[in-house]
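**Q** The residues making up each chain are set out below.
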Amino acid sequence: MYQYDQFDHAMVAARNAEFKDQVERRLKGELSEDQFKPLRLMNGLYLQLHAYMLRIAVPYGVLSSRQMRTFAHIARTYDRDFGHFTTRQNIQFNWIKLADTPQILEDLAAVEMHAIQTSGNCIRNTTTDQFAGAARDEIDDPRPWAELIRQWSTFHPEFTFLPRKFKIAITGATRDRAAIRVHDIGLQLTDKGFDVYVGGGMGRTPHLGHLIKSGLPGEKLLSYLEAALRVYNRYGRRDNIYKARIKILVSALGPQEYARQVEEEWATLDQAQIDAPHAEIARIKSFFPQPAYADKAFDAAALDRAKAADAGFARWVRNNTLAHRRDDHVSVTISLKPTGLPPGDASSAQMDVMADAADRFGYGELRVSHEQNIILPHVAKADLYDLYRLLDQNGLSSANVGKITDMIACPGLDYCSLANARSIPLAQDISQRFADAELTDKIGDLQIKISGCINACGHHHVGHIGILGVDKQGEEFYQILLGGRADEQAALGVITGKGLSAEAVPAALERLIKLYLDLRTDETERFIDTVGRLGRDAFAGALHEPA
Amino acid sequence: MKLLTANRLTDGLVLWYAGGPDLSGWNEDAALATRLEDEAAAALLEDWKARETEVVAPYLVPLLDENTLVKREYVREHVRANGPTAGQTAFDTARQHQRGEVF
Numbered sequence: 001m002y003q004y005d006q007f008d009h010a011m012v013a014a015r016n017a018e019f020k021d022q023v024e025r026r027l028k029g030e031l032s033e034d035q036f037k038p039l040r041l042m043n044g045l046y047l048q049l050h051a052y053m054l055r056i057a058v059p060y061g062v063l064s065s066r067q068m069r070t071f072a073h074i075a076r077t078y079d080r081d082f083g084h085f086t087t088r089q090n091i092q093f094n095w096i097k098l099a100d101t102p103q104i105l106e107d108l109a110a111v112e113m114h115a116i117q118t119s120g121n122c123i124r125n126t127t128t129d130q131f132a133g134a135a136r137d138e139i140d141d142p143r144p145w146a147e148l149i150r151q152w153s154t155f156h157p158e159f160t161f162l163p164r165k166f167k168i169a170i171t172g173a174t175r176d177r178a179a180i181r182v183h184d185i186g187l188q189l190t191d192k193g194f195d196v197y198v199g200g201g202m203g204r205t206p207h208l209g210h211l212i213k214s215g216l217p218g219e220k221l222l223s224y225l226e227a228a229l230r231v232y233n234r235y236g237r238r239d240n241i242y243k244a245r246i247k248i249l250v251s252a253l254g255p256q257e258y259a260r261q262v263e264e265e266w267a268t269l270d271q272a273q274i275d276a277p278h279a280e281i282a283r284i285k286s287f288f289p290q291p292a293y294a295d296k297a298f299d300a301a302a303l304d305r306a307k308a309a310d311a312g313f314a315r316w317v318r319n320n321t322l323a324h325r326r327d328d329h330v331s332v333t334i335s336l337k338p339t340g341l342p343p344g345d346a347s348s349a350q351m352d353v354m355a356d357a358a359d360r361f362g363y364g365e366l367r368v369s370h371e372q373n374i375i376l377p378h379v380a381k382a383d384l385y386d387l388y389r390l391l392d393q394n395g396l397s398s399a400n401v402g403k404i405t406d407m408i409a410c411p412g413l414d415y416c417s418l419a420n421a422r423s424i425p426l427a428q429d430i431s432q433r434f435a436d437a438e439l440t441d442k443i444g445d446l447q448i449k450i451s452g453c454i455n456a457c458g459h460h461h462v463g464h465i466g467i468l469g470v471d472k473q474g475e476e477f478y479q480i481l482l483g484g485r486a487d488e489q490a491a492l493g494v495i496t497g498k499g500l501s502a503e504a505v506p507a508a509l510e511r512l513i514k515l516y517l518d519l520r521t522d523e524t525e526r527f528i529d530t531v532g533r534l535g536r537d538a539f540a541g542a543l544h545e546p547a
Numbered sequence: 548m549k550l551l552t553a554n555r556l557t558d559g560l561v562l563w564y565a566g567g568p569d570l571s572g573w574n575e576d577a578a579l580a581t582r583l584e585d586e587a588a589a590a591l592l593e594d595w596k597a598r599e600t601e602v603v604a605p606y607l608v609p610l611l612d613e614n615t616l617v618k619r620e621y622v623r624e625h626v627r628a629n630g631p632t633a634g635q636t637a638f639d640t641a642r643q644h645q646r647g648e649v650f
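For the protein sequence lines, the chains are C and F, in the order given. Per this note's numbering, the first sequence starts with residue 1, numbered consecutively. Per this note's numbering, the second sequence starts with residue 548, numbered consecutively.
Keep in mind that the hints are not guaranteed to be accurate.
To be verified - Take a look, some chain C residues computed to stay more than 10 Å from chain F by CB distance:
1. 27
2. 28
3. 260
4. 287
5. 342
6. 476
7. 542
Unchecked claim - Calculated lysine-lysine pairs in the DSS-like style (CA-CA distance at most 27 Å, straight line):
8. 97/C - 596/F
9. 243/C - 165/C
10. 28/C - 596/F
11. 165/C - 307/C
12. 498/C - 596/F
13. 618/F - 472/C
14. 442/C - 472/C
15. 167/C - 37/C
16. 37/C - 596/F
17. 20/C - 596/F
Unchecked claim - Computed list of chain C residues with no C-beta within reach of chain F, every gap over 12 Å:
18. 205
19. 386
20. 427
None of these hints come from the bench; they were simulated from the model. These numbers come from a predicted model, not from an experiment. Ideal placement from N, C-alpha and C gives every residue a C-beta, glycine not left out.
Using the sequences provided together with the hints, build the complete structure.
**A** Structure, rendered in C-alpha cells:
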C-alpha cells in the first residue's frame, strides 16, 4: 500500500499543528463557534446528536493491520469502545471530546492517516472496489489511480470551496462494486483507458451518472478531472444548497453540453503541468505490488472435509469468499452485520482481532467496503478454516455477505443530527426477522439499504429494496423503494406503496419476500431480476396488510 | 413550557439547564432539567448563546406539560435525553444516571 513520503508527513503534521492551535484558541474563547465550525469540519470533526463525531479517512478503503489497531486504540482510549465503518469506506467515532482531538490526530498521523477533507465542500475520499488488486474479474488495479487522485485533490487550492461536496469512485473490474454511477464522477477502468461518468448522485434528487468520455488515457486523467471540476466550480449553483451538486448542473446543461464545456476547458489547460509524469505514475504503482504469496499447499479434500463437518464453515465459505486472481487464494469478507447489531459497527476488541487475522492470514492488509464490511483481500485457501475459527470465536463469522441481512444502514437519528428517523433499530428488527440462515440462503442475493433521511447516506436509492426514513409530525415512517441497484446495471429504485411504521416494515418485507419466492422462475433468479421481469407493481400489494 | 439544552464545548456531551448562573447549573441528566416558562426560557437562551466557551448550539425544547415532549420533537429529544436506542451504547445516558427513560 502507499506509504507517505516527506511531503505527506510534513503536510499532515503542519495541518495537525494548525488544528491543535485552533482547538486551544476555541477553548480559550479566542475563536467563536461560527469561526471554529468550518475549521473543525475541515478536520472531520462534527457536532452530532450526543457528542462530537470524528470521521477518519480510509483512503480508497485500504488499511494496514497497524492502522486497524490504531482505530482500536482510539475506540478504547477516546471513545466508547467501538467505531462505525461508513458507506464511504471511512470510519466514524461517535463520542469524541474536543480537547482530545489534537492527540487523536497525532496518533493517526503516526500511522499515516488523517481526517482531512472528510467534510466540507471539497473533494472527499476517493472510493473504489474493495477487492482491488485481488479480484479475478479485474481489468486493471484502481488503487494507484485512486492514490494519484488523493494526492492531486488533497489541499487542491482551487477546489477547497466547491459549490458542494464532491465524490469520486473508481472501479477496475467488469463488475462494478464501487457504485460509480451514483458518484459525482465515476471512473471505469477499461483496457482502453478510463470511461468517465459525471453527474451521478443520490440525496434529494437522485441521478445516474452520464458517460461523457471514453478511453481517456490514464496519463491524462488529472488534467481531464481538473477541467471537469473547473466547469462545475464555475457554473455549479451556490445560491441553493439543494441544487449545488454537479448532478444538477449536468442535468440543467445536458450531458453533451457539459461534456463540450469540459473539452473546451481541457484544451485551454497546460496539461503537462497538471498530469503526472510517467515516472510518477510508475512510482505510485510500485506501492501496490501483489503480496509475496505464501506457497502453502492447498488440500481441496481437507477443505471439503472441514465443510462437511462444520455447516457454519461451509456456509461462510460459500457466502463470504470471492474468487481471487490466484487459484490457491480467495478474498474473504468479514461481515459486520451480525444478527441484531448495528450494521458497520465493530468493537475495539474486534478491530484488534481483524488486525491479527490480517497479520496471520492476510499479508497484513484489510479493506473497508462501502457495504460496511471488512475484507481480507488475499487469503490462502489452506488457511480458511483457521481464519474462520478465529473470527467465529470473536463474533465475526456472520455468513451473510450479499444476503438480505447484509444491510447498509446510516447511523440515523440515533446519532446523526441531520436524520429524520432511526435506521439502526429497523435494521436490527429486519436482521432478527430474517435470522434463519436457511431462509436467507434460499432468498439468495438481495441488498437492503436504509437511510434515515433524504441525504441518502444509507444509499436507499440503489438498494434492491431501499428504505427511507421520514418524519411525519414527530412520527417515524418508512418509504419502501423497489428496483434500485448500484452495480454495472445501475438503476434508481422507485417509491412503492405508502409509508409504513417501523413496526410494520419487517412484516411487509416478509410478505414481499414470500411473494418473490413464489414468483421467481427458479432459485437462480435473484430478487432484483424478478422485480425487473415482472415490474414493481407486481410487488406493491405485498407491502401492505391485506384488507 | 420549555427546556433549555445544549452541548458542552469541551466534550460535546448533551447538557440540560437545571438552574443557576453558571455551567455548574447544567446537568447531563435530562430528568433534572428545569421546566421553564416561555419568557424566562427565551431570555436564558439569549444569555447562553453568548457564552460560547461553555456551551455550543443551545436551543429550546418545547413541552406539552412537565414530562411530555411536543410530538414533533419526540424522537430526536427522546434519543438525546436517553442515549441511542440501539447498539453498543443503547440507552447509555439513562443507564449512566441509573434511571429509566425520561420523556
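**Q** Does each hint hold? Answer for all of them.
**A** Now the hints, each set against the structure:
no.: 1; hint: 27; result: violated (7 Å)
no.: 2; hint: 28; result: violated (7 Å)
no.: 3; hint: 260; result: holds (45 Å)
no.: 4; hint: 287; result: holds (35 Å)
no.: 5; hint: 342; result: violated (4 Å)
no.: 6; hint: 476; result: violated (6 Å)
no.: 7; hint: 542; result: holds (27 Å)
no.: 8; hint: 97/C - 596/F; result: holds (21 Å)
no.: 9; hint: 243/C - 165/C; result: holds (12 Å)
no.: 10; hint: 28/C - 596/F; result: holds (16 Å)
no.: 11; hint: 165/C - 307/C; result: violated (47 Å)
no.: 12; hint: 498/C - 596/F; result: violated (41 Å)
no.: 13; hint: 618/F - 472/C; result: holds (10 Å)
no.: 14; hint: 442/C - 472/C; result: violated (36 Å)
no.: 15; hint: 167/C - 37/C; result: holds (22 Å)
no.: 16; hint: 37/C - 596/F; result: holds (15 Å)
no.: 17; hint: 20/C - 596/F; result: holds (24 Å)
no.: 18; hint: 205; result: holds (25 Å)
no.: 19; hint: 386; result: holds (28 Å)
no.: 20; hint: 427; result: violated (8 Å)
Consistency with the previously given hints fails for numbers 1, 2, 5, 6, 11, 12, 14, 20, ordered from lowest to highest.
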